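Asks: Between the sequences and the hints, there should be enough to build the whole structure, so can you do that?
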Amino acid sequence: MSEEILTTQDLHLYYGDKEALKGINLDFTEKGITALIGPSGCGKSTYLRTLNRMNDLIPNVTITGTIKFKDQDLYSPSADTVQIRKEIGMVFQQPNPFPFSIYDNVIYGLRIAGEKDKEKLDAVVEKSLRQAAVWDEVKDHLHESALALSGGQQQRVCIARVLAVSPEIILLDEPTSALDPVSSSQIEATLLNLRHDYTIIIVTHNLQQASRIADRTAFFMNGELVEVDQTKNIFMNPAKKQTEDYISGRFG
Amino acid sequence: MNSKTQNKMAIGALYGIAGFVVLILLALLGYILISGTPQLSWHFLTAPAKAFLKGGGVGVQLFNSFYLLFLAMLISFPIALGAAIYLYEYAKNNWLTTTIRTAIEILSSLPSVVVGLFGFLFFVVKLRLGFSILSGAFALTFFNLPLLTRSIEDSLRTISETQREGGLALGLSRWETVTKVILPAAVPSILTGVILSAGRVFGEAAALIYTAGQSAPALNFMDWNPFNISSPLNPMRPAETLAVHIWKINSEGIMPDAKAISSGSSAVLVLAILIFNFAARYLGKRLYKRLTSA
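Keeping their order, the protein sequence lines are chains A and B.
In terms of our numbering, the first sequence opens at residue 1 and continues consecutively.
In terms of our numbering, the second sequence opens at residue 1 and continues consecutively.
Just so you know, these hints were derived from the structure itself, not from any lab.
No false leads were mixed into what you were given.
A few chain A residues facing chain B, derived, Cβ under 7 Å:
| hint | residue |
| --- | --- |
| 1 | V82 |
| 2 | R85 |
| 3 | K86 |
| 4 | M90 |
| 5 | Q94 |
| 6 | N96 |
| 7 | F98 |
| 8 | P99 |
| 9 | G109 |
| 10 | I112 |
| 11 | V165 |
Quick caveat, the model's predicted, so the values are computed rather than measured.
Glycine included, each C-beta is placed from N, C-alpha and C at the ideal position.
Replies: Here it is in structure tokens:
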């Protein structure tokens, strides 16, 4: 078992008075894919967004408990959200490339961080796009608008954009739910390539997707973590009745 | 009466109303252009005005209008941009920002003559700027600021929230996200707003009568030293604009060809504003294309 890179202890989150996360204890080891599944409104996306402090953007959110990334408390007053988000990147449900060229999209993080060396930037663009398995499709029009790409290509460019700032953890919030099946399977293949080098946490509505790509799966319901285990145990031999009911499609 | 006939009647009524509006617009434009364009000539556009004789032009007024517009934009754009960024990207929704928004709303519906009189009391008299381009530019800033702030804020609103999330999730700070992602994406729409508000400012008269003044001393277009009184660039000289000129000719013009000059000036004004509008659309589209495909 490799080292734990991210730990959450007794994590509560309130939207105003409403408790959306009711004491989550969940740890992530380095590398590999963890899928978060559960019915709509169960808190899985909310949980994911606490991991790189994206919930900070929503007014009236209160968070208690501890999240540690390599022994650094993400919610301590001295925590630097900008630095955190460089190390814990995020890909969203809706592909959100910036309205610039593909090339500019991928190097945006680096360029703003002050990197000017053209050769280095070129190398990063190629490496990131290759890692995101979209290089062959876009290499001949790197300087055209990323908005002209298909949804699936846009999403992979967004993944490349995150890879370019070399994070340790990549959070994905239902990255394929807005895409067609072919694009979805390309994204899945991309993630399977990346699982050896990155710690990947993915929220998905698609149970087959979780069973296909995840090493571990966590089942959320009503703001609570019901069960987390190796994916095959969750799907073949769940410990909790709720998990079994959900997996077999009895609700949700 | 069944719902089908009701629907038909509603459509008919709406077409009628829309047609009526278009008709009024066309009639006005047609009248101004038909009576005005025959007066237009190179001489008319460049010659200085004459007070008692025939054959005066509007060259000085035209220049004044553009110069005043430029100065007013130079002052109001940075303020409006900052205010809009603060209001939309940073400020939380609380009583303070609600108050600011309401104040902007009220300021934007202030009659321009009130803005003009305020400008007269404050800039011209109190700050002793006199009837000058500078006083006029400040008054126009007051007139323009709320509209421009609103329009820039609306431009920022059109940029999807997912873009902001994308920037922040990439480890950009809020400021970097705003300046490096949101603003470039919003530039075309901001530009359109700026040009459209320029059109409004260009045609403004009431706010200028008591601030920039109603006299247009002859200018020496060879002298570009802004400290010389006859230099076109001197911001401390009184400067009648085209819109003020139209008002003045019609209320107290004593030159024999006052009617013709007024018509000609109106046509120039309307044409300039039409050009602003078309330029806004064209440039906005061009810029969006350029910015989005690098």
